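Student: Spelled out from the first residue to the last, the chains are:
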Amino acid sequence: MQRRDRGIAQSLGLPLTKCVKESRVLLVGAGGIGCEVLKNLVCCGFGSLPGAASSKKPGIVAHQEAKAFVAKETASQFNPSVNIDAHHASIFDSQYNVEFFETFDLVFNALDNLAARRHVNRMCLAADVPLIESGTTGFNGQVQAIKKGVTECYDCNPKPVQKSFPICMIRSTPSQPIHCIVWAKSYLLPELFGTSEEESADVAVTEGDSADEIAKLKEEAEALKNVRRMMGKSEFAQEVFDKVFHDDIERLRSMTEMWQSRKAPKALSFDGLKAGLETDIIEHGRTLTDQDQVVWSVQDDLAVFTYALDTLSNRCLTGEKVIEFDKDDKDTLDFVASAANLRSHIFDIPLHSEWVIKQMAGNIIPAIATSNALTASLCVMEGFKILRSQLGSVGGKEEATLGGAKMVFLNSRSTERMITTQTLAPPKADCPVCSPVYAKLRLRNGEGGEATLQELVDLLKEKVGHEDFAITTEAGIIYDPDLEDNLEKPLKDYVTHGNSFITVSDEGDEAKVDLVLSTVTQSGEEAELQLLPDSIMLPFKPKKELPAETNGHAGEIRATPEVVAAPTTTSSAGAKRKREADEESESVKKRVMASKSEVHVVDDDGAILLDDD
Amino acid sequence: MAVTDADVPPPLLDIPKAKEKKYDRQLRLWGIGGQIALEETHILLINSGSGVTGVEMLKNLVLPLIHHPRLRCGVGGRSRCELLHGRCLAWQVPGSRDGHAITEPLETFITKDDVFSPYNLIVAAAPTHANILERIQTHSQTLHIPAFYFHSVGYLSSFSLLLPPAFPIVDTHPDSTATTDLRLLRPWSALSQFAKEKAEGLEDGTISAPDKAHIPWACLLLHYLEQWKQQHDGKVPNTYKEKSEFRNLVRAGDPNEENFEEAYAAVLKTLNPPTAPSAVREIFAAPETQQLDAASSAFWLIANAVAQFYAKHEQLPLPGAVPDMKAQSADYIMLQNIYKSKARDDCAEVVTSVRELEKQTGRSPKQAVDEKEVENFCKGAAHIHLVRGRPLQIAHAGQIIAFGDRAKAMASELNMPESLIGLHIAFLAWDEYVATHSTPASQAGGVGLKVPGSGADDFGIDTQRVTGIAHKIVDSLIKEAGTFVEDPEYSEVKDRVGKFCMEIVRAGGGELHNIASLTGGLLAQEVIKVITRQYIPVDNTCLFDGVASRTQVLRL
Numbered sequence: 001m002q003r004r005d006r007g008i009a010q011s012l013g014l015p016l017t018k019c020v021k022e023s024r025v026l027l028v029g030a031g032g033i034g035c036e037v038l039k040n041l042v043c044c045g046f047g048s049l050p051g052a053a054s055s056k057k058p059g060i061v062a063h064q065e066a067k068a069f070v071a072k073e074t075a076s077q078f079n080p081s082v083n084i085d086a087h088h089a090s091i092f093d094s095q096y097n098v099e100f101f102e103t104f105d106l107v108f109n110a111l112d113n114l115a116a117r118r119h120v121n122r123m124c125l126a127a128d129v130p131l132i133e134s135g136t137t138g139f140n141g142q143v144q145a146i147k148k149g150v151t152e153c154y155d156c157n158p159k160p161v162q163k164s165f166p167i168c169m170i171r172s173t174p175s176q177p178i179h180c181i182v183w184a185k186s187y188l189l190p191e192l193f194g195t196s197e198e199e200s201a202d203v204a205v206t207e208g209d210s211a212d213e214i215a216k217l218k219e220e221a222e223a224l225k226n227v228r229r230m231m232g233k234s235e236f237a238q239e240v241f242d243k244v245f246h247d248d249i250e251r252l253r254s255m256t257e258m259w260q261s262r263k264a265p266k267a268l269s270f271d272g273l274k275a276g277l278e279t280d281i282i283e284h285g286r287t288l289t290d291q292d293q294v295v296w297s298v299q300d301d302l303a304v305f306t307y308a309l310d311t312l313s314n315r316c317l318t319g320e321k322v323i324e325f326d327k328d329d330k331d332t333l334d335f336v337a338s339a340a341n342l343r344s345h346i347f348d349i350p351l352h353s354e355w356v357i358k359q360m361a362g363n364i365i366p367a368i369a370t371s372n373a374l375t376a377s378l379c380v381m382e383g384f385k386i387l388r389s390q391l392g393s394v395g396g397k398e399e400a401t402l403g404g405a406k407m408v409f410l411n412s413r414s415t416e417r418m419i420t421t422q423t424l425a426p427p428k429a430d431c432p433v434c435s436p437v438y439a440k441l442r443l444r445n446g447e448g449g450e451a452t453l454q455e456l457v458d459l460l461k462e463k464v465g466h467e468d469f470a471i472t473t474e475a476g477i478i479y480d481p482d483l484e485d486n487l488e489k490p491l492k493d494y495v496t497h498g499n500s501f502i503t504v505s506d507e508g509d510e511a512k513v514d515l516v517l518s519t520v521t522q523s524g525e526e527a528e529l530q531l532l533p534d535s536i537m538l539p540f541k542p543k544k545e546l547p548a549e550t551n552g553h554a555g556e557i558r559a560t561p562e563v564v565a566a567p568t569t570t571s572s573a574g575a576k577r578k579r580e581a582d583e584e585s586e587s588v589k590k591r592v593m594a595s596k597s598e599v600h601v602v603d604d605d606g607a608i609l610l611d612d613d
Numbered sequence: 001m002a003v004t005d006a007d008v009p010p011p012l013l014d015i016p017k018a019k020e021k022k023y024d025r026q027l028r029l030w031g032i033g034g035q036i037a038l039e040e041t042h043i044l045l046i047n048s049g050s051g052v053t054g055v056e057m058l059k060n061l062v063l064p065l066i067h068h069p070r071l072r073c074g075v076g077g078r079s080r081c082e083l084l085h086g087r088c089l090a091w092q093v094p095g096s097r098d099g100h101a102i103t104e105p106l107e108t109f110i111t112k113d114d115v116f117s118p119y120n121l122i123v124a125a126a127p128t129h130a131n132i133l134e135r136i137q138t139h140s141q142t143l144h145i146p147a148f149y150f151h152s153v154g155y156l157s158s159f160s161l162l163l164p165p166a167f168p169i170v171d172t173h174p175d176s177t178a179t180t181d182l183r184l185l186r187p188w189s190a191l192s193q194f195a196k197e198k199a200e201g202l203e204d205g206t207i208s209a210p211d212k213a214h215i216p217w218a219c220l221l222l223h224y225l226e227q228w229k230q231q232h233d234g235k236v237p238n239t240y241k242e243k244s245e246f247r248n249l250v251r252a253g254d255p256n257e258e259n260f261e262e263a264y265a266a267v268l269k270t271l272n273p274p275t276a277p278s279a280v281r282e283i284f285a286a287p288e289t290q291q292l293d294a295a296s297s298a299f300w301l302i303a304n305a306v307a308q309f310y311a312k313h314e315q316l317p318l319p320g321a322v323p324d325m326k327a328q329s330a331d332y333i334m335l336q337n338i339y340k341s342k343a344r345d346d347c348a349e350v351v352t353s354v355r356e357l358e359k360q361t362g363r364s365p366k367q368a369v370d371e372k373e374v375e376n377f378c379k380g381a382a383h384i385h386l387v388r389g390r391p392l393q394i395a396h397a398g399q400i401i402a403f404g405d406r407a408k409a410m411a412s413e414l415n416m417p418e419s420l421i422g423l424h425i426a427f428l429a430w431d432e433y434v435a436t437h438s439t440p441a442s443q444a445g446g447v448g449l450k451v452p453g454s455g456a457d458d459f460g461i462d463t464q465r466v467t468g469i470a471h472k473i474v475d476s477l478i479k480e481a482g483t484f485v486e487d488p489e490y491s492e493v494k495d496r497v498g499k500f501c502m503e504i505v506r507a508g509g510g511e512l513h514n515i516a517s518l519t520g521g522l523l524a525q526e527v528i529k530v531i532t533r534q535y536i537p538v539d540n541t542c543l544f545d546g547v548a549s550r551t552q553v554l555r556l
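So the sequence lines, in the order shown, correspond to chains A and B.
Each step along the first sequence adds one to the number in full-length UniProt numbering, with nothing skipped, and position 67 is 67.
Each step along the second sequence adds one to the number in full-length UniProt numbering, with nothing skipped, and position 495 is 495.
Since the hints were made in silico from the structure, they are not lab data.
Treat the hints with care, since some could be wrong.
Unchecked claim - Mimicking SDA-like on lysine to any residue, the simulated pairs with C-alpha atoms at most 20 Å apart in a straight line are: (1) Lys-340(B) <-> Ala-264(A); (2) Lys-372(B) <-> Val-294(A); (3) Lys-499(B) <-> Gly-13(A); (4) Lys-263(A) <-> Glu-489(B); (5) Lys-216(A) <-> Gly-149(A); (6) Lys-372(B) <-> Gly-272(A); (7) Lys-450(B) <-> Arg-6(A); (8) Lys-266(A) <-> Phe-194(B); (9) Lys-326(B) <-> Gln-293(A); (10) Lys-212(B) <-> Ala-264(A); (11) Lys-463(A) <-> Leu-531(A); (12) Lys-266(A) <-> Ala-330(B); (13) Lys-499(B) <-> Ala-264(A); (14) Lys-326(B) <-> Ala-264(A); (15) Lys-450(B) <-> Gln-10(A); (16) Lys-263(A) <-> Gln-328(B); (17) Lys-269(B) <-> Thr-180(B); (18) Lys-499(B) <-> Lys-218(A); (19) Lys-326(B) <-> Lys-218(A); (20) Lys-229(B) <-> Asn-272(B); (21) Lys-263(A) <-> Ala-330(B); (22) Lys-263(A) <-> Lys-212(B).
A quick note: this is a predicted structure, and the numbers were derived from the prediction, not measured.
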């Protein structure tokens with residue numbers, strides 16, 4: 001035994017040490033927690049440690065890609081005998097399909113975003129591999145062990161959705177600084193330098209928004225597009241300013257009924273505000289941008305606004321096609337901070353320093369090294385427990401859930417209980433993500449990979465024994481007994497990635513649990529379409545104790561904007577109940593029609609808007 | 001640097017951009033002042049054993065620092081530490097190697113007179129010989145330098161803080177829900193007047209619907225409090241029952257409007273008499289507050305002035321912040337101004353007292369208390385905190401440890417089945433074993449100390465030895481506390497302590513990396529709290545059981 005292994009073996013015992021050394025572990029994410037986890041894994045003797053895949057959000061900056069390699073380089077120095085395989089790609093890529101996940105004994109999530117967390121959660125459920133999920137915020141941290149059928153999964157408990165604001169509150173009647181910041185960040189900046197507001201998740205048309213007003217706002221945005229054409233001319237700043245801080249405000253002000261219970265806004269004029277400023281306004285703005293801890297005066301905001309507009313215009317004219325808000329892109333932050341403050345002033349809302357605005361606009365979560373280190377250590381500790389449980393029972397004792405793994409909470413700000421635990425809860429019977437049975441569906445790709453939806457339907461009838469059922473993919477419901485328009489279409493139209501999920505929900509009277517198929521595309525000689533395992537016996541759904549049909553449908557299926565944003569979750573607790581709910585409450589209704597590429601949202605009551613026409 | 005001085009570094013506006021960008025996320029936790037305090041820190045780590053925990057701690061401290069840290073990490077002890085230390089710095093902060101390793105043998109290093117003076121924080125890793133630990137303790141107490149002593153063995157770890165006898169914290173970062181202080185039970189005339197204006201016409205129904213829907217909830221509560229007082233001989237709702245009744249009165253005003261709903265929800269949280277918490281009253285009564293002299297630090301001067309304020313007004317200075325509430329912007333700003341202006345007046349009164357005290361104590365004008373500091377104190381007056389540092393419990397060969405005034409509390413803790421005090425006693429026994437098995441050279445720090453279970457066949461015999469020492473400590477503790485523990489409880493206590501002993505002997509002094517990493521994280525966390533003088537540090541011992549993933553903090 002090597003010297004470095006001795007201390008480890010003394011604590012872990014020989015059987016577990018051997019198991020740890022032989023294990024294959026996947027670490028997703030090589031950021032704050034990920035690097036710490038990797039270091040701990042290496043130093044704890046996780047011997048053959050392949051696949052530290054740094055997941056990154058699709059389409060994000062390139063330098064993050066280097067992360068996994070840097071982490072590997074550094075960690076290898078700690079223990080040269082360790083075998084690390086670094087991947088720098090999105091975890092959503094088709095190469096990381098369910099069969100990839102199946103090759104691991106344990107998966108660690110060290111991610112910073114909800115979408116990737118959910119994805120890995122599902123992949124681990126599908127591959128039936130234990131997952132250790134972790135996260136930190138400031139002084140707090142949390143570690144959760146997840147195993148299909150044994151514990152709650154990541155999605156058993158609803159996660160807070162990103163807050164979105166009613167469009168009228170952003171565009172017409174702001175009352176808090178954040179409204180003005182969102183306006184600057186998600187309306188003004190994109191209208192001038194990027195793509196338009198419709199695509200922003202921060203703003204949504206809600207019930208309270210009046211249709212007339214929305215129509216007016218559309219006109220306003222059109223007019224702004226005309227101003228955009230003046231970019232590069234010396235009067236550009238003044239034109240923009242007078243358009244959004246004078247003309248638009250005057251229009252709003254003229255709608256007297258809007259201001260009966262609110263204070264009416266006061267328009268600003270460029271010349272009026274600039275009066276008295278001796279120095280060159282752009283130069284003045286440039287110097288101010290270094291003082292981000294003080295609250296600028298309104299005239300200062302004008303100067304910064306002019307400077308930022310000038311800088312961004314130059315970037316645009318020298319080839320940058322689209323400039324999007326990034327809290328670390330100082331030019332865009334200068335623009336958003338000054339524009340938000342000018343608007344706040346108009347609506348008599350308190351102004352803030354650029355530093356404070358950065359936190360609000362960038363959704364900055366405070367973070368420190370110590371919390372990451374603590375959380376990562378706890379992750380590895382849970383990893384030991386899970387691996388030990390895979391060794392089987394030692395000494396005939398009855399094994400605790402996952403070797404005694406717990407839900408661990410870190411609160412190092414507290415002085416009493418810094419680390420506390422909670423017993424892992426069993427899976428929620430109605431969890432839309434982990435209650436279904438998972439299976440694989442092999443599709444042949446390349447030439448001839450033309451299996452149609454009809455073939456899948458036939459396969460399911462034959463191998464699973466389904467009669468009335470619905471099929472849902474990320475795009476929505478593609479098949480049910482009343483929707484047969486898509487049957488002749490090739491399946492690959494719906495399965496965009498090699499690792500997507502297809503949900504099959506039984507619509508019979510005595511419904512079986514949902515079946516989720518993870519797709520694996522492959523070239524080869526096998527059949528066009530193949531189910532793994534070859535035939536599946538689905539159990540029946542547990543009976544609901546209370547008929548929940550009487551009220552609160554919308555709440556039950558979480559018919560929030562999130563449903564539109566992440567359609568896979570709508571395939572929740574059985575599409576049948578969902579469809580009934582839709583028809584009764586007329587909330588979210590969503591179908592993919594025969595034309596496949598366009599997503600039509602049938603918007604019954606105006607609660608949610610996502611029309612792409 | 002004397003640490004009794006409670007001076008908080010002033011916020012800097014001109015901090016370099018690159019630095020700000022890099023440390024943006026942590027600056028939002030402890031501000032520029034905290035960051036500067038961290039950068040000016042010189043830490044001495046006296047590492048020992050395999051040394052992983054100490055190095056992990058350093059890494060966590062180096063990470064939040066800047067490219068050119070003035071942090072100096074002295075690592076005394078085995079030569080291997082130097083290697084680990086160098087690696088630690090290279091691991092994630094390639095640019096920052098300002099820290100240096102002290103390769104001088106501990107036995108000559110530690111005997112120099114002014115060896116500790118360059119540092120403002122000392123961390124020592126177990127095993128450290130009792131003599132050296134005593135030396136650290138003496139220096140720490142004379143120079144008022146905080147010191148940490150930690151164990152990390154296998155799945156188990158613990159650390160203790162040796163803080164100065166008085167360690168006050170102004171910026172405790174209380175939970176945001178705990179900081180709302182609107183003084184609704186003791187409104188001043190400007191506030192009462194404003195509330196009256198806003199609620200004008202509410203009772204006779206002459207108020208317009210939009211106006212009614214925009215009465216800020218604070219004003220609504222003040223309005224209904226007046227009504228309540230008229231019906232209850234001038235008394236305010238006091239008991240839970242009365243407050244519930246009052247809540248219903250508020251809701252009856254309009255069950256549909258959002259502002260009434262907000263007011264209803266705020267009743268239990270905000271209708272509290274403005275009495276200072278007992279921890280704050282203890283600070284007011286502390287000898288340091290009461291007996292000022294020219295050398296008293298600003299903290300005690302302000303504490304005295306605020307105590308005077310409290311004695312006079314029976315309430316603390318107003319913090320002045322107003323939570324978000326449904327209101328017209330103009331009204332909300334007016335309400336904010338009413339609170340801000342009262343807070344300014346209160347603060348001004350305290351400043352006047354402070355100036356008076358400066359004169360009385362003959363303080364040099366150069367050391368005049370910064371007004372900004374008074375303002376911070378007034379804002380957080382309800383949450384200021386004082387830690388009374390305690391000496392370390394050091395195990396010597398063949399000596400009985402005196403637990404003094406903690407004996408009673410510790411003895412009663414022994415009886416708690418869930419308590420981790422057994423781990424503390426096991427580590428004390430472990431230390432005593434080390435002290436007993438030392439040679440003259442290891443006492444001086446020249447060669448490695450022998451830890452239990454480290455030899456090939458030591459496990460059985462060392463477990464017996466360490467458990468024996470631990471049981472002896474349990475007995476002397478019970479005796480010193482003047483209590484008596486009967487069977488079966490007595491056997492259970494010994495069992496629990498024995499299990500911890502077995503576990504730490506089994507590890508043979510080896511560290512499990514993730515536990516070392518975790519302990520290093522906890523240590524770094526507390527070092528940061530102590531250095532930035534923000535948040536409340538552990539008082540004074542933190543025990544971690546990795547098997548159960550559980551911590552406990554005990555005052556020992």
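Student: Are any of the numbered hints broken by this structure? If so, which, sorted upward?
Tutor: The structure breaks hints 1, 4, 5, 6, 8, 9, 13, 18, 19; every other hint is satisfied.
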